[in-house]
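Asks: Those sequence lines, one after another, are chains A, B and C. So in our numbering, spot 301 of the first sequence is number 295, and the numbers just go up one at a time. So in our numbering, spot 32 of the second sequence is number 35, and the numbers just go up one at a time. So in our numbering, spot 132 of the third sequence is number 391, and the numbers just go up one at a time.
In short, the hints are calculated from the structure, not lab data. One should not assume that every hint holds.
Derived coverage of chain B by chain A (criterion: at least 3 residues anywhere in the stretch with Cβ under 8 Å from a Cβ of chain A; other residues may be distant) [said to hold, decoys possible]:
#	region
1	126 to 134
2	138 to 148
3	236 to 249
4	346 to 354
5	471 to 484
Sample of chain A residues with no beta-carbon within 12 Å of chain C, all distances over it, derived [as the list claims (entries may be wrong)]:
#	residue
6	N33
7	A61
8	S63
9	K104
10	K144
11	N201
12	K223
13	S237
14	G258
15	V299
16	K300
17	Q334
18	P437
Take a look, some chain B residues computed to stay more than 10 Å from chain C by CB distance [what the hints assert, rightly or not]:
#	residue
19	V41
20	L93
21	Q177
22	L218
23	L276
24	M334
These numbers come from a predicted model, not from an experiment. Beta carbons: idealized from backbone N, C-alpha and C, even for Gly.
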Amino acid sequence: MKKFLAVLMAAMMMFTMIGTAGATSLAGTYDITVWVAENAVELTKTQIENFNKTNELGIVFNATVEAVSEADAATQMITDVEAGGDLFCFAQDQFARLVQAGALAKLGVKAAETVSAANSSGVVAAATAGDTMYAYPLTADNGYFMYYDKSVIPEEHIDSLEALIADCEAAQKYFAYEMQTSAWYLAGVFFGTGCVSEWTMDEEGKNFVSVKDTFNSPEGLIAAKGIEKLVKSPFHLSSSSGSEFASGAAIVVTGTWDFNNVQGILGDNMGVADLPSFEVDGKEYHLGSFNGCKLMGVKPQVDAVKAAALHQLAQYLTGEQCQLERFEALSWGPSNLNAQASEAVQANPGLVALNAQAPYSVPQGQIHGSWWDIAKVIGDDIKAATDEAGLQQALDNYYDKIAALFKLDNNALLFVGAWNGWNNADETDTFYFKDGVLTLDVPESDYMGGRIVNPGKWDTDKGFAQVVTGAELIQDLGVEANPDNNIVFAEPGNYTVTVNGSEITIVKN
Amino acid sequence: MKTYSDLEYLKLSKGKKFLYKISRFFCSIPQKILGLFVALWNLIKKGCSKVKEEAVDIFSTFVNGDWKTKVSFLVMGFGNIARGQILRGLLFLLFEVVFIGYMVLAGGYWLSMLPSLGKVGPSEEYDFVLDAYYTVYNDNSFKILLYGVLTIFFIIAFIYTWRVNVRQNKLAEQILAKGKKLKSGKDDLRSLVDDQFHKTLMALPLTGILIFTVLPIVFMILVAFTNYDGAHDGYYSNLFGWVGLDNFNTMLNWNVNSGGSVQSYAATFGEVLSWTLMWAFFATFTNYFLGMFVAMAINKKGINLKKLWRTVLVLTIAIPQFISLLYVSKMFAKNGIINGFLMSMGWITEALPFWEDPTWARITVIITNVWIGIPYLMLITTGILMNIPQDLYESARIDGANPWQQYTKITLPYMLFVTGPYLLTSFTGNMNNFNVIYLLTGGAPTNPAASSAAGTVGYTDLLITWLFKITQGAESQYYLASVVGILVFVVVALISLVVYNVLPSIKNEEDFQ
Amino acid sequence: MSEKNITNPMKRHMGLKTSRAIGNTAIYALLICISIIWLVPFVCIVLQSFRVELKGPVGYVLPKQWGLDNYKALFQTDFPRWYANTFIAALVTAVLQTIIVLCMSYTLSRFRFKMRKPLMRFMLILGMFPGMLTMIILYRVLKDLGMTQANAVPGLILVYIASSGMGYYVSKGFFDTIPKSLDEAARVDGATRFQVLKKIILPLSKPIVIYTILTAFMGPWGDYVFAQYISFGTSAGMNVAVGMYRWLNKDQIAASYTMFCAGGVLVAIPVTVLFMCLQKYYVEGVTGGAVKG
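Chain A on its own, in the form it takes in the complex:
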């Protein structure tokens, strides 16, 4: 954080000193490659032309626009960053992988400010890892809702998952909801019952340091029961393609990108709605969803001038005007606040349905790349389960794999010290327990405390309340001020903390 501020200050000083002299030096012709989705190729070419004509910096791009799917841009980039596109578009779930692989260039200070101000906060968070912004928000419509065939599904059933399944089975039509092959769709059910999966990255955004994941909980079990209803139906189809309507589907859960396709197949029979609710033990749970975005990244450059020019282009391409053009031509929902406010966008039926689902959706933050593989298996696991124990087993499997991601023993604990108060990543230190014992130095600071965490779980059952020996060494802040059961030391020094079952011993060395 301090480093970041220093950079900011220095940058501002330089700007005032040099004024616009620096900016004019960008003039020149650059050969670049741009990767966009297949249907956006032509439009992007035009937009780059427009940039060449209108920019006042004298930048001319000689651009080759290639069609590369946003879904596997990361896999492509990671194969060979050097040969990858200078500008490339990708879906949000690949963000963490790209940052780790060194395939995304950081935004300059000014660019980051402009972009943060112009876009909704959710998408800005999506483009940020740690303290650093790494990409430009391109769309904000990467969410999903329900399309249905009005000739099969009566209007009054669209709020109940059970009724919809029954309708499909009666009509021998398929209910397409990608529950077995995609974590993106599956996780929504868990969000619907109040589960969370929140991942924390280090300051640089290169590594995940902890996760708060409650899928393996009583609420998670409820979600599992909901998924079970769906995947065990013989007419469930694990797919999210609007084309399934042409192959016997009556309901497809997918996003705005399929709007024109579905309309082409169903015509007037097309209906859109937010996701339904499911019922477990007499209680209704509305299905949740992910709410993500697509981003545009700039490949790290060796030449600072070219890098600056590319960032100019990326800003232009993700700016208000280009986003509106994309909305008009391709119905991509804009992330730019001004563009979002335009009347045409407000009236778009696909986006309206997406907005109806919005109250139940969870912003898709930064998630470990492997989580997608780990979580998508839950669907198959639930399908194979025969009883409630089987469902619990599915969640246990999931939890174990998350724990293994941190390459730690299942019973290992770590101590997250927050010497300068929470939420200050700079001063937070992580220590690993070895065989239940940890020796740590506590520096003099305002908040000489920390939390004992089971990796993969955000436990609060090992902390202040469990200290049996050495209670005089720690502060009693009361439950109100210390809801997370933190251990706050009374004075700085070197301590040995021992965890034995639910008993904690603290000794000052």
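Chains B and C: place on chain A using the hints.
Replies: Just chains B and C, lined up with the frame of chain A:
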């Protein structure tokens, strides 16, 4: 284990003979391993004495040789040129110049970096004026490893050439001492299309194999001892380095990564391996017998339009698999046309889980593979069936043998004998049959208990598709994929070894000439 | 085999005749069934390629509206470029690979030199390594040679032919069946080894030459994984498999599935025609060689 005498052995039935051979093979494994070590020791001893011999020879060549020979020790090809073999001499000299030039300009650097695989990673810099980040790239672990290995190859080639150069001087001296003439450049060229014709023919293919097969395989094996993955790609993100046997420990240790109910990699590997073997067995033998059956049906006397039947079948070979298999995969989908057809006929009320259920999926994959494989087998067996001497059948018929007896007593033994080697290659080929699995199921349905940190593992995944998934997974763990690759090699080599020892017809190459 | 052979039996084999007739009828029934099963996917693909009303995958087979739209649409894309790339790669590979394979197999069949057995064993062992991972390295090597992305075609050809020496088994098996006495007679008459190959062996090897050309030509049409690596996101360097496979991406399939089928039909044509014409040689080559390797 009972050991039979030759006479007792001959009395056994065919099946028992086969079983006996196999069990003999396994019983002899400890002995063989011991034998291997002995052989290895002998090889080392032989190698040592050979090196000593060579050293003595080189030394004596130097001491006894004339000044031309002595200069040749430093300037390769000098002796050849001085004695009139200009062409040979120039080639030697050229090679030396190229080698020294390469080592000075590049090779030395690659070699010196090989132990560390790079010291300075990339760093991100900030340009205050432009308000932009740019990256300074430094060492490249990938290239260091690649070109380091290449340099070692080159050095070995140089040492060999140098040795040849020394030997040629000695030979030339001897020949001249006897008063004979040396071969001229013209003679050399002529021998390349005659005595030495095999060298001409194989020069190009072998160079290609060396650079495009051997080098990559050596590299791949070395990757297993590094931490090369998506986040350590050696240049853009982080350098990678040597990690010793850590990756083998991860893959083969039953206790690593086995938190709670999740399998360790070793268990997952075992599961995938057992399906791979099962698949290879069924894929090979269903194709073999059904292909033979179809060929016999078409070849049967009195069947017309033989060419038409064959052509229809052969279409599957002619049409690229990425088109036909993808379509077949869609046909079997839950809402595909096969289920649609069965449902519209009222034969089933809900879709058959061709790709959803593990057992169904495995069977469907094998059946689809029959669809692809029968045409090949039909073509291969057609020719062989025609080669079976017809009088064998004639005399069998006179003895009153029915068609089934004719098949088991004449056709099958003949076929098995002739196609033994083919069956082996087709078995190992099926173990690595990437296309069929990748295009049909992509490994689905997933196996929830399998360790998934390196991408999901499915019930129809073969080792080769799993390996591919590991490289394509979120963490792109190339090092782990490399370990799997090495293990695949070990398994295939082991199977081949067993079969080679049990099947006699493979070994005797000259029998057919 | 004409009808006459069956209808001209010896009188005392009347029982045999009827049983054979029954057997033949059963076989005809079987062959017809097999033919239907084998043809269905192809017929479906062809039918899909003429569908106009919807461009995505559908649950029925017969188009509701027929037309050539998909074929026309193909030429609005880079498909002709991919097709040309693949065709060139296939053609050049067929020629060069045949030369290399024949060199290798002829040498290993006819010459007896010191390193022969170790070499064959070495290549056998090499073949047991899964080639999957080596792609990553080959990609980098080709990249340093400037043969990736837009220049992928020469790179592909290089890789296809470079390792083809290892596929000598079938043709070596074929050469093994040609009697060695022929060579020896010619050698006694003073012919060089090269002349023996040119004048005696090659004329006898038509089936295996054609077999090798045919398999070499077919390979590049179906190559997906490696070709995808080499062309790496550059449309100009893709082959048909890589280019068309992208149309099956989730965000693309609804708009291009029928086009994929149309492309598939066009891809299948040259290989199928070639195969049908040369089927006879393929059979001779494969039976002469495959089983004796």
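Asks: Broken hints, numbered, in rising order?
Replies: Violated hints (numbers, rising): 6, 7, 8, 13, 14, 22, 24; every other hint is consistent with the structure.
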